[in-house]
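Numbering (numbering that gives the first Met the number 0), first residue to last: 0 to 651.
Hints in this document: simulated from the structure, not taken from any laboratory.
Backbone N, C-alpha and C define an ideal beta-carbon position, used for all residues, glycine too.
There could be a bad hint or two in this list.
[Said to hold, decoys possible] Subject to a maximum C-alpha distance of 16 Å in a straight line, what follows is the list of computed EDC-like cross-link-like pairs (lysine to aspartate or glutamate):
id	residue 1	residue 2
1	K399	D349
2	K592	D340
3	K268	E346
[What the hints assert, rightly or not] Computed beta-carbon distance windows for the label pairs:
id	residue 1	residue 2	range
4	G396	V620	54 to 60 Å
5	R351	A403	18 to 24 Å
6	T434	L26	31 to 37 Å
7	R343	L166	55 to 61 Å
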Amino acid sequence: MSSETLPITRAGWFTRVVEVAIWGIGLGLVGYLALSVFGLVAHGSVFYVNFAMAIVAMSGLLALSEIDSPSEIEGEAGRRVRNPHLHRIGVLIAMFCGLGGLGYFWWYLDWMVINAPFFDPLTVTFGYLIMGGVIYLTWFHWGLLLASLCAGSILYFFFGQYIPISLLQHPGYSAAFIMNYVSLNTNQGFFLFSGVAADQIFLLVIFGTTLLGTGMLRLTIEIGKATGRTVRGGAALPAIIASGAIGAVMGQAVSNVVLSGRFTIPMMKRHGFGPAMAGAIEAAASSAGQILPPVLGLGGFLIAAFLGIPYVEVAMAALIPGLLYLTGVVFSVGNYALDRDLPRLNEPVDRRLIWRMSPTFLVSFVLVIWLLLGFRSAGYAALAGIVMALVLSQLQGPFKPTKAELVASVREGLVLTTLLSLLILAIGPLGQVMTSTNLSGRLATILATTLPDNEILLLIGAMVLSLVLGMGLPTPIAYVVASLAVVPFLQEVGVDPLRAHFFVFYFAVFSTLSPPVAVSVLAAAKLANASFWTTAVRSLQIASTTFIIPFAIVFNKPLLEFPNVDATVIMPIVEVLVTQMAGAIAAFGFCFKRLGWMGRGYFYLVVAIGYVTLTQHGRPVLLDILLCGSMILGFMGCYIATRAAARTESAP
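With the sequences and hints as input, model every part of the structure.
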């Protein structure tokens with residue numbers, strides 16, 4: 000998301016009032032959260048109710064602004080504003096309901112804590128108001144599918160006892176009991192993950208947009224250009240480097256595509272990449288940002304919340320698999336570039352910009368990681384990173400950000416964090432209902448009794464289910480839905496919790512690339528002016544080299560043990576890299592020369608050996624030798640055949 004995509008205010012008193020309110024409440028919320036970081040505001044029930052009230056107010060104000068000037072990222076609202084007056088009334092009613100219900104909750108909070116779940120009808124009514132306001136605003140900003148999931152889970156809580164299928168039935172609960180678990184308890188329902196949003200995500204995302212305001216996008220593109228001048232198909236490297244770096248601090252695939260793709264996709268097209276391939280590379284690279292620390296596409300925070308462990312442990316565990324994902328993308332793009340004989344990047348590189356701006360990004364980023372490793376809170380690390388980035392940005396000389404750029408980055412951060420926080424509030428009832436009614440446990444039982452008794456086939460079934468459940472949903476939602484359905488099942492078949500969650504999370508990320516509803520591919524195809532389906536197929540072709548990673552995680556514990564790694568991590572990494580290299584050759588059909596079906600088939604066989612090797616418990620030395628030996632043999636065969644063909648052509 001960039002400053003051009005933010006809602007633009009119109010002249011008029013109403014719009015000006017809305018804009019002033021957005022700034023006032025947004026900055027007030029940032030200050031409130033900053034005070035909480037230093038212990039000046041207590042992290043109790045009142046804190047989370049105040050946070051929810053601010054998010055509902057901000058979401059409503061942003062919706063009012065969006066009605067008048069729909070943005071590119073928040074296009075769902077733009078599509079629905081054919082009758083702006085009607086929608087303006089709807090948003091105002093939703094704000095009134097949400098804020099009214101939360102205000103009542105805030106006022107009678109002590110009484111509710113004592114009397115829960117035995118609420119009187121009036122209190123239950125205010126719970127309905129909270130529910131209606133949040134669901135409407137979720138529909139407006141995030142679309143019908145997510146709002147339907149939220150509403151459907153609550154309806155199941157009310158009427159699940161009437162479902163004729165016994166495995167899906169629950170005993171039935173009173174309205175007061177349900178409202179206690181949905182709207183009127185700061186540990187459950189809409190508040191289930193509110194601590195993730197308020198304590199960890201909000202300020203970290205503000206840190207990410209602050210880095211963007213200081214010029215991080217320009218810096219990463221220039222670094223990508225400098226790298227791209229050394230290899231064939233180098234025009235793709237700015238996309239891979241910029242999208243990976245920006246995604247690491249933003250964590251959102253679609254906004255990442257729109258932000259960096261405006262610059263990288265035209266560059267790739269100018270240097271020989273087809274429109275669909277350019278869009279696919281951007282989509283695949285942007286997805287990498289969701290599995291790289293420190294933000295992990297918000298999923299890492301949810302994993303930590305589910306497991307009850309410090310977030311830094313999840314972030315560090317994600318580093319090796321995240322880098323392996325990027326490596327797989329590079330292998331795919333490199334093989335495509337060699338096959339098409341694409342040129343090196345010849346765009347000019349502003350090396351002075353790189354030298355002057357690199358300290359701002361590197362020092363701030365390293366500071367945040369260092370503080371997280373020291374088990375400081377995410378909010379504390381983010382505030383330190385923001386201050387450091389702002390101070391260092393003033394030393395960038397001619398590349399110093401303007402006041403307008405910094406203001407735009409703050410505005411952008413307020414928009415993004417508000418919508419992400421609304422998203423997290425909305426998924427709370429889904430998680431609550433799945434656990435309170437034991438639906439997730441019953442689904443795990445169904446899967447365990449239906450699927451065959453084979454560990455690999457069970458994992459493949461879990462993979463398919465995760466991809467299907469994640470279609471069309473934002474990655475955090477896809478992860479929550481899939482994890483609630485699949486993780487208990489994986490644990491039943493012997494996968495430990497952290498690896499089970501990472502397995503599901505990776506395929507939730509892959510679901511953004513999987514047609515028919517591949518949201519990041521859709522954005523990339525639009526920017527590239529390419530066919531959606533062609534771009535989606537290309538993106539899956541690129542990402543096919545990375546599908547081994549979740550399976551490798553399940554069977555190779557050292558891959559998730561960074562920074563506490565030893566020599567045992569070397570062989571799994573080598574096995575993954577060899578399998579990825581073979582997969583790229585098989586997918587794009589080039590190894591020193593263009594391969595026929597037999598050559599590609601041979602490398603697909605190497606990929607199969609890699610999958611078998613990586614999905615064995617213990618260290619299969621003979622399989623390691625077979626994998627590496629077959630890869631070397633394939634390389635040598637292709638090289639010898641290429642040299643022989645060259646000698647034949649040059650012979651008189």
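| Holds or violated: are the alpha carbons of K268 and E346 at most 16 Å from each other? | Given pair K268, E346 holds - Cα atoms ~13 Å apart, limit 16 Å.
| said: Range first: 18 to 24 Å. Now tell me if the beta carbons of R351 and A403 are that far apart. | reply: 23 Å, holds
| said: Looking only at beta-carbon atoms, does the pair R343, L166 fall within the given range of 55 to 61 Å? | reply: Between R343 and L166, where Cβ atoms are some 59 Å apart, the hint holds.
| message | Quick check on a hinted range of 54 to 60 Å for G396 and V620, using CB atoms only. | response | 56 Å, holds
| Between K399 and D349, is the straight-line Cα distance small enough, at 16 Å or below? | 15 Å, holds
| Honestly, do T434 and L26 meet the 31 to 37 Å range at C-beta? | Given about 36 Å between the Cβ atoms, the range holds.
| K592 and D340: Cα distance at most 16 Å? | 11 Å, holds
Checked against the numbered hints above, the structure violates none of them.
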